[in-house]
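Peer 1: Each chain is listed here by its residues.
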Amino acid sequence: MDYQFLWPPVIKALPKLLDAALLTMQVSVISMIFGLSIGLLLSFGRRSKYFIPRTLSSIWVEIARNTPVLFQIFFCYWGLGEFGIFLSSFVAVVTALSFNTAGYMAETFRGGFNAIPDTQLNAARSLGMSFFQTQRYIIVPQVLRVIYYPMTNQFIWVILMSSLGMLAGLRELTGETQYFNSRTFRTFEFFAATAVIYYIIAKLVMLGARLLGWRLFRGQS
Amino acid sequence: MNSAGSAFTNLSWVDLIFLGEAAIRTLQISIVSIFFGTVIGIILGWMLAAGNVFVRIAVSSILDVFRSVPLIIQLILFDSFVSIAGYPMPAFWSGTIVLSVYCAALVAMVARAGIEAVSPNLRRAARSLGMGYWQDLRYIVWPVGLRAVFPSWIGVALSVLKDSALVSAIGYLELMRASQILTTKTQESFKIMLLIGLFYFLMSYPISKAGEFVEKKWQS
Amino acid sequence: MIEVKQLHKKYGELHVLKGIDLSVKKGEVVCVIGASGSGKSTLLYCINGLETIQKGEVLIDGISVHDKNTDLNKLRQNVGMVFQQWNSFPHLTALENVALSPRVVKKMSKIEAQEIAKKQLIHVGLEDKLNVYPSALSGGQQQRLAIARALAMEPSYMLFDEVTSALDPELVGEVLDTLRLLAKDGMTMICVTHEMSFARDVADRVAYFHEGLMEEIGPPEQIFGDNPKSEKTKKFLANVK
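For the protein sequence lines, the chains are F, L and P, in the order given.
Per the numbering used here, the first sequence starts with residue 372, numbered consecutively.
Per the numbering used here, the second sequence starts with residue 2, numbered consecutively.
Per the numbering used here, the third sequence starts with residue -10, numbered consecutively.
One chain only, chain F, in its complex shape:
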């Protein structure tokens, strides 16, 4: 192997890469918030006794889970032009990742709600709590506990998938790496550095989630 590794360009670009990592986190956090909220609605929709919300929610969930994320991003970025909708890279990536996350979280929520026995509902109602009080104080806190770790995994997954933003022209961490790569042709060095940054982000998020989880659910089991 007569290739000479050259790291100074990477080190010089590091501040820019870390800035881009911030954009990655922004995209991921926003997508996660939308995905969680819509996913919760979809899980209610799928259990609805009415045909229309039930069907629409199911369609959303099945498309989100049965097509590639990359397809969903491309669709939001290029496919909507037919309707005169042209989304910026940022909006297209956030829309696609929110769409995808909502589909997966809907299933996670469904599992979470199924894990809470009906008897909890009876106990709360027998104490005079209204439907909303029961959901707010009894059901949702327990569901959040059940889905906490799947939710954490989903968040890390969103961070990793946001790298596909590169292919829709978004200068998040991977897109920025690609930009430097195209100017220096130091593909291996740049992407190796970026891989390390992603790894560190994933580990930090996991660690943070563990600590928070330990703090939130201490003593319960």
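Treat the hints as calculated values from the structure; they're not laboratory data.
Small disclaimer: the values here were computed from a predicted structure and weren't measured.
Idealized CB from N, CA, C, for every residue including glycine.
Certain hints may be false.
One-sided excerpt, in silico: chain F residues whose CB lies under 10 Å from chain L [unchecked claim]:
1) Val440
2) Gln443
3) Tyr520
4) Trp585
DSBU-like mimics (lysine-lysine), calculated; alpha carbons at most 30 Å apart, straight line [as the list claims (entries may be wrong)]:
5) F/Lys420 to P/Lys44
6) P/Lys96 to P/Lys108
7) P/Lys63 to P/Lys223
8) P/Lys99 to P/Lys223
9) F/Lys574 to L/Lys163
10) P/Lys(-6) to F/Lys420
11) P/Lys14 to P/Lys(-6)
12) F/Lys420 to L/Lys217
13) F/Lys420 to P/Lys57
14) F/Lys420 to L/Lys210
15) F/Lys420 to L/Lys192
16) P/Lys107 to P/Lys96
17) P/Lys7 to P/Lys95
18) P/Lys218 to P/Lys57
19) P/Lys95 to P/Lys57
20) P/Lys107 to P/Lys15
21) P/Lys223 to P/Lys57
22) P/Lys(-6) to P/Lys96
23) P/Lys7 to P/Lys57
24) L/Lys210 to L/Lys192
25) P/Lys57 to P/Lys14
26) L/Lys186 to L/Lys218
27) P/Lys218 to P/Lys15
28) P/Lys(-1) to F/Lys420
Dock chains L and P against chain F, hints included.
Peer 2: Chains L and P alone, transformed into the frame defined by chain F:
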């Protein structure tokens, strides 16, 4: 003879055949990767479940890397590494290798869960009947564990099928890349998108439903 | 006063209650006995409005439980219920379990609600478990927690649905002692139970349910004495003794 009906004004039969061939390549790379990934993943999963503490820590921290770095970066890194190492290979093979390893990392988790799903008492019972270690694995752990995690394996296989779309990034002409080429050529992005979305959906949805069906059947 | 009049309850084709009449006066303790599936637990669920009914009426202090205009949440504040499965809220400590409904339903201040919770937990003998999560409590302790939780709403009536059935035998005593204490305090109670000696000791009246009908009701001496009025009661008691 160069128009596929009024719905696809700018799309010719040639274009559709181009897409069809790309779809076959998507299936090829997925099936090969799922096959190798599953075989390697089961071996790794067994090491995770049965190995000593050093083996377990070593294997799980290596696999963890593949689950903490975006697949697209793994693809680009491997592709550029083999070229600078002086062994450039066709995109199909670098794609297959990366997808297989990625698949193996996911299958290893599933396989470990499967082995751990078999109760120690059941295995003790098997050993008490005079079965050896490998007989216990073959006749007890494999069938019982398979039942427990087969639906999860389906999930992994389907995610490899969908993630194979990323191999387009290193230049392999599978469905996603073909769709981009055609979009540039025909400006029919919406229709092409609809077609390939439908293809993925029709591959993935029935298999995922079948997995759910099997899961329900085995649980009752 | 709780009045049940000609109550019918069906689950689809299954006719669970076939016309029950029962009235329970203030301060009275009524124990309901009978085989599984005789409808005795369903009666409690209907009294608390947790189940709809098909015919008849349930009145609590003159208010109809199944009337559409009745505010069930308000009504239930006056009727405490404890279940076979204790249903502790696993995400809350013992104190929070008890303090939650006074705080959110009765809109008490947090401090006020905790004072009441503490008082009730001491009452059922859990004074040293205030800040413990349910997972660290035994079944008997969780059931006493459930009783304290219901009492914290200061109800006029308490319904007990086989509260000792899911407990290990050695834990039954502590829960029954708590019920005895309540009865002595003058609480109006309906207890569905399989504990015959408890029914004999505590009840003012004992009702025997058989296949959705109240076969017999009377003072414990009548039911558990030598000559219950109904042959079916006699047969049932001969079997459980």
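Peer 1: Each hint needs a verdict: does it hold in this structure or not?
Peer 2: Cross-check of the supplied hints:
For valine 440 of chain F, the interface hint holds, since its Cβ comes within 10 Å of a Cβ in chain L; the closest pair sits about 7 Å apart. Restraint check, glutamine 443 of chain F versus chain L: the minimum CB separation of about 9 Å is within 10 Å; hint holds. Using the Cβ-Cβ criterion of 10 Å, the hint placing tyrosine 520 of chain F at the interface with chain L is not satisfied: the shortest such distance is roughly 14 Å. Here the hint on tryptophan 585 of chain F is broken, as its CB sits about 20 Å from the closest CB of chain L, past 10 Å.
Between lysine 420 of chain F and lysine 44 of chain P, the direct Cα distance comes to roughly 26 Å. Compliance with the 30 Å bound is thereby established for this hinted pair. Of the pairs offered as hints, the one joining lysine 96 of chain P and lysine 108 of chain P holds, with about 18 Å between alpha carbons and a cut-off of 30 Å not exceeded. Between lysine 63 of chain P and lysine 223 of chain P, the direct Cα distance comes to roughly 41 Å. Violation of the 30 Å bound is thereby established for this hinted pair. Distance restraint check for lysine 99 of chain P and lysine 223 of chain P: the Cα-Cα separation of roughly 52 Å exceeds the 30 Å cut-off, and the hinted pair is therefore not satisfied.
Restraint check for lysine 574 of chain F and lysine 163 of chain L: satisfied, since their Cα atoms lie roughly 25 Å apart, inside the 30 Å limit. Of the pairs offered as hints, the one joining lysine -6 of chain P and lysine 420 of chain F is violated, with about 33 Å between alpha carbons and a cut-off of 30 Å exceeded. The hinted pair formed by lysine 14 of chain P and lysine -6 of chain P meets the criterion: a straight-line CA distance of about 14 Å does not exceed 30 Å. Proximity of lysine 420 of chain F to lysine 217 of chain L is assessed by CA-CA distance (about 23 Å); at most 30 Å being required, the pair is judged to hold.
This hinted pair checks out: lysine 420 of chain F and lysine 57 of chain P have alpha carbons roughly 22 Å apart, not beyond 30 Å. Only pairs whose Cα atoms come within 30 Å are accepted, and lysine 420 of chain F paired with lysine 210 of chain L is accepted, the gap being roughly 22 Å. Straight-line distance between C-alpha atoms of lysine 420 of chain F and lysine 192 of chain L comes to about 34 Å, which puts the hinted pair past the 30 Å bound. Pair hint lysine 107 of chain P plus lysine 96 of chain P holds up; C-alpha atoms about 17 Å apart against a cutoff of 30 Å.
As the CA atoms of lysine 7 of chain P and lysine 95 of chain P are separated by approximately 36 Å, the hinted pair breaks the 30 Å bound. Between lysine 218 of chain P and lysine 57 of chain P the alpha-carbon distance is near 39 Å, which puts this suggested pair outside the 30 Å criterion. Distance restraint check for lysine 95 of chain P and lysine 57 of chain P: the Cα-Cα separation of roughly 22 Å lies within the 30 Å cut-off, and the hinted pair is therefore satisfied. For the proposed pair lysine 107 of chain P and lysine 15 of chain P, the alpha carbon gap of about 26 Å is at most 30 Å, so the pair holds.
Proximity of lysine 223 of chain P to lysine 57 of chain P is assessed by CA-CA distance (about 41 Å); at most 30 Å being required, the pair is judged violated. Under the criterion of a C-alpha separation no larger than 30 Å, the hint pairing lysine -6 of chain P with lysine 96 of chain P is inconsistent with the structure, at around 34 Å. The straight-line distance between the Cα atoms of lysine 7 of chain P and lysine 57 of chain P is roughly 22 Å, inside the 30 Å bound, and the hint therefore holds. Between the alpha carbons of lysine 210 of chain L and lysine 192 of chain L the distance comes to roughly 26 Å, so the proposed pair stays at or under 30 Å and holds.
Taken as a hint, the lysine 57 of chain P and lysine 14 of chain P pair is honoured in the structure, with Cα atoms around 25 Å apart against an allowance of 30 Å. For a cut-off of 30 Å, the pair hint linking lysine 186 of chain L to lysine 218 of chain L is broken: about 48 Å separates their Cα positions. A threshold of 30 Å between alpha carbons decides the hint, and for lysine 218 of chain P with lysine 15 of chain P the separation of about 26 Å falls inside it, so the pair holds. A threshold of 30 Å between alpha carbons decides the hint, and for lysine -1 of chain P with lysine 420 of chain F the separation of about 22 Å falls inside it, so the pair holds.
Of the numbered hints listed earlier, those contradicted by the structure are 3, 4, 7, 8, 10, 15, 17, 18, 21, 22 and 26.
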